[in-house]
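Using the sequences and the hints given, assemble the complete structure.
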Amino acid sequence: MQKTIIFLWILILLISCKETSTNKFRSDLNNSGVYNSVPIKTIPKELWTFKTNGEIHASVAYDDKNIFIGSGDKNIYSIDAKTGICNWKFETNGAIYSTASIEGKFIYFLSTDGYLYKLNKNNGKLIWKFVTTGEKAHKVKDYFNLNQFVVDFWDFYQSSPIISDNKIYVGSGNTFYCIHKKTGKKIWEYLGSGAIHTSAAIKNNKVYFGSFDSKVYCLDANTGNEIWDYQTGKDTTYYCWLGIQGSPAIENDKLYIGSRDGLVYCLNSTTGDSIWTNKNFERSWMPSSFAIGEKLYCGSSDAFSFYAINKSTGNIEYKIKTNSYTFSSPAIDSEMAYIGSANGRLYGINLDTKSIIWEYNTTKNALDSINVFDEYGIINIKNYNELGIKMQVNNFDNYVSFSNLLFKTYGAILSSPVINNNTIYFGDYNGIIYALSN
Numbered sequence: 001m002q003k004t005i006i007f008l009w010i011l012i013l014l015i016s017c018k019e020t021s022t023n024k025f026r027s028d029l030n031n032s033g034v035y036n037s038v039p040i041k042t043i044p045k046e047l048w049t050f051k052t053n054g055e056i057h058a059s060v061a062y063d064d065k066n067i068f069i070g071s072g073d074k075n076i077y078s079i080d081a082k083t084g085i086c087n088w089k090f091e092t093n094g095a096i097y098s099t100a101s102i103e104g105k106f107i108y109f110l111s112t113d114g115y116l117y118k119l120n121k122n123n124g125k126l127i128w129k130f131v132t133t134g135e136k137a138h139k140v141k142d143y144f145n146l147n148q149f150v151v152d153f154w155d156f157y158q159s160s161p162i163i164s165d166n167k168i169y170v171g172s173g174n175t176f177y178c179i180h181k182k183t184g185k186k187i188w189e190y191l192g193s194g195a196i197h198t199s200a201a202i203k204n205n206k207v208y209f210g211s212f213d214s215k216v217y218c219l220d221a222n223t224g225n226e227i228w229d230y231q232t233g234k235d236t237t238y239y240c241w242l243g244i245q246g247s248p249a250i251e252n253d254k255l256y257i258g259s260r261d262g263l264v265y266c267l268n269s270t271t272g273d274s275i276w277t278n279k280n281f282e283r284s285w286m287p288s289s290f291a292i293g294e295k296l297y298c299g300s301s302d303a304f305s306f307y308a309i310n311k312s313t314g315n316i317e318y319k320i321k322t323n324s325y326t327f328s329s330p331a332i333d334s335e336m337a338y339i340g341s342a343n344g345r346l347y348g349i350n351l352d353t354k355s356i357i358w359e360y361n362t363t364k365n366a367l368d369s370i371n372v373f374d375e376y377g378i379i380n381i382k383n384y385n386e387l388g389i390k391m392q393v394n395n396f397d398n399y400v401s402f403s404n405l406l407f408k409t410y411g412a413i414l415s416s417p418v419i420n421n422n423t424i425y426f427g428d429y430n431g432i433i434y435a436l437s438n
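Here the sequence shown stands for residues 1 to 438, numbered as in my numbering.
None of these hints come from the bench; they were simulated from the model.
It cannot be assumed that every hint is accurate.
What the hints assert, rightly or not - Computed cross-link-like contacts, PhoX-like style, restricted to lysine-lysine with a CA-CA straight-line distance of at most 25 Å:
1) K254 with K167
2) K234 with K139
3) K125 with K185
As structure tokens, then:
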């Protein structure tokens, strides 16, 4: 019964997505995270890997033959989906943590150099680039010295462009832009008060996004005029337990979004009124974007869990331990969910049995001298604390070095998996792109 219901949800979502030629972050204009794919119910085999020279935070975009992904090494890559051979790469002047959007023969993406790029996807030639007012990282109070602000280590992503009716919508810095798809000229802009790193959703001529100012916004897609905003929780002590990092997901007249205040929100997408909120996530940030099936599915940060949430009430139906920070957003098909974790595991979760039925390890289960995670991906608190003492984690710089070491050692997966032609694609913190399939 469960798989029949989920299949019907997938069918409804696919029919409701008007611009089927567009491939983007979270699958469709509503950010559903749903893919029409044969469920991968046994541990998949590695078809190929491709190594870049920077961290991978973004997700894969794809067409019939190739995949496209940006890297912290400042390049965006076109890679043959079957062989893993690079077709071309295009270098920008900044790291690329934005997932590309594809429409027709063109690809669109944002770089931390402050430009939105349009390339010919077949040869990587530049068509135009649009200069924003500049990218901006979220800042928090230094955990060790509250008298100063520092760049937030956990602000991993950039906004990914969304395309509708010849317009491109994307956030950069504190500004949200609407840009003409053909000319690259600005149509309108909306100035917010916090970094906009979520990827917008569009429905009924309205565009929705979240910001690190802790607000959810609804704008008129044609004019940029604000229709409503909704204030989530604030943190004026550390400036850490605030802000919206995950992208909104919409179904019918409901908008679902999580916040770093530890709550999940369901809003009326027309009025912005609250329908329900849930705070029962162990005070964990909720940075993962939702996948919408029979239930809402998402990851979490400090709760180290994958959640299934009742769409009508907001109640937690069940949770599954992922054993580490899960910023990655789940992809779902008719029977399975797929999600990555900072311990280097990609989990395959059976939605019928509510259990992990396979996992793929980016470090190939090879234990290292750090031993913070065991062979099952479970954290060893004693070793974690001992490493922290050894690395003198008593200031923010050392804290960042400590976190980077863990993420690199275990091939942390911040990239959200995508599914195309029954193959799962994702990247890891060591700059490796993976293609897995049965």
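* Numbered hints the structure breaks, given as an ascending list -> none
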